[in-house]
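These protein sequence lines map, in sequence, to chains A and B. Residue numbering for the first sequence follows the numbering used here, starting at 1 and increasing by one per position. Residue numbering for the second sequence follows the numbering used here, starting at 1 and increasing by one per position.
No lab work stands behind these hints, which were simulated from the structure alone. Be aware that a few hints might be false.
Same chains, same names: a pair is fine if it fits in one copy or spans any two.
Said to hold, decoys possible - Listed below are the simulated SDA-like cross-link pairs for lysine to any residue, each with C-alpha atoms no more than 20 Å apart in a straight line: (1) K47 x E57; (2) K72 x E114; (3) K131 x L95; (4) K131 x Q103; (5) K143 x E93; (6) K72 x D50; (7) K79 x S37.
There are 2 protein chains.
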Amino acid sequence: MTEALLYAASRAQHVAQVILPALNQGRTVICDRFMDSSIVYQGYGRKLGDCVRVINEYAVRGCLPDITFLLKLDPEIGKNRIKADEQDRLELEKLEYHKAVFQAYQGLEHHYPERIIGIDATGSIDEIGRKIREHIEKILDLKDK
Amino acid sequence: MTEALLYAASRAQHVAQVILPALNQGRTVICDRFMDSSIVYQGYGRKLGDCVRVINEYAVRGCLPDITFLLKLDPEIGKNRIKADEQDRLELEKLEYHKAVFQAYQGLEHHYPERIIGIDATGSIDEIGRKIREHIEKILDLKDK
């Protein structure tokens, strides 16, 4: 619970001091991980439940992403991609934890099909980048019309 | 909001690592400030509203005090009692803030008359201590019967 509240505190500050000021200047914000990550890592992975969503909704105060890319990869392969000496508190968790996180992410993808776009992340960085770029170009194209 | 979430994170860790283990050993816990303080300082003082209560209820997970002593003092006198070089982020706030906090504490006292015991804190440390001791002895006496 302490971990979940610290992530939410960090997110509240990030939204207030970085994201909202940028949006208010009319800029586009790209953010690596947001409240979906807290929901799956703490809510599902740590089994804290729905309170993680409630706490994060207070933290972001209505500032939510228009679009989210979910890089999908078998948790076993994903875990092997992380360098051993670079693992943080969450990445060090057992495979079982990462499987629960992956399943929860797929649940969110299913629940928010318009916002969350799943991307096959088995390929190279270039391939993944190209897929994301295609989606973004499609969205920008739609917005222009 | 970041401040409120950081206090809640600290409280969650304090409850999990200090208070609950002590209670489970059958010990009596005396704590200087708890979630009432967050409700009044952040909920009312910072005008964050009821979310502070919700967040703190998640943080303490049902671990609530049996009895709370509220040391009551005119905010103007209270502020003068704090040494200038010892003021923290909250104590540095304007008198108006401290008046809102005091009013909110009185609201809680009114709302929880069985749990919160108001103590006149205009006297000396010894006098205040004696008043608290009298109340505690009364409670312990009642428990024995």
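Now for the hints, and whether the structure bears them out:
For the homomeric pair K47 and E57, the shortest alpha-carbon distances inside one copy (18 Å) and between copies (17 Å) are both at most 20 Å. Within a single copy, K72 and E114 get their C-alpha atoms as close as 17 Å, which meets the 20 Å cut-off; across copies the closest is 54 Å, which misses it. For the homomeric pair K131 and L95, neither the shortest alpha-carbon distance inside one copy (27 Å) nor that between copies (57 Å) is at most 20 Å. When the C-alpha separation of K131 and Q103 is checked against a cutoff of 20 Å, the pair qualifies neither within a copy, at 22 Å, nor between copies, at 57 Å.
When the C-alpha separation of K143 and E93 is checked against a cutoff of 20 Å, the pair qualifies neither within a copy, at 41 Å, nor between copies, at 46 Å. For the homomeric pair K72 and D50, neither the shortest alpha-carbon distance inside one copy (23 Å) nor that between copies (38 Å) is at most 20 Å. When the C-alpha separation of K79 and S37 is checked against a cutoff of 20 Å, the pair qualifies only within one copy, where the shortest distance is 16 Å, while the shortest distance between copies is 42 Å.
Going through the hint list in order, the structure does not satisfy hints 3, 4, 5, 6.
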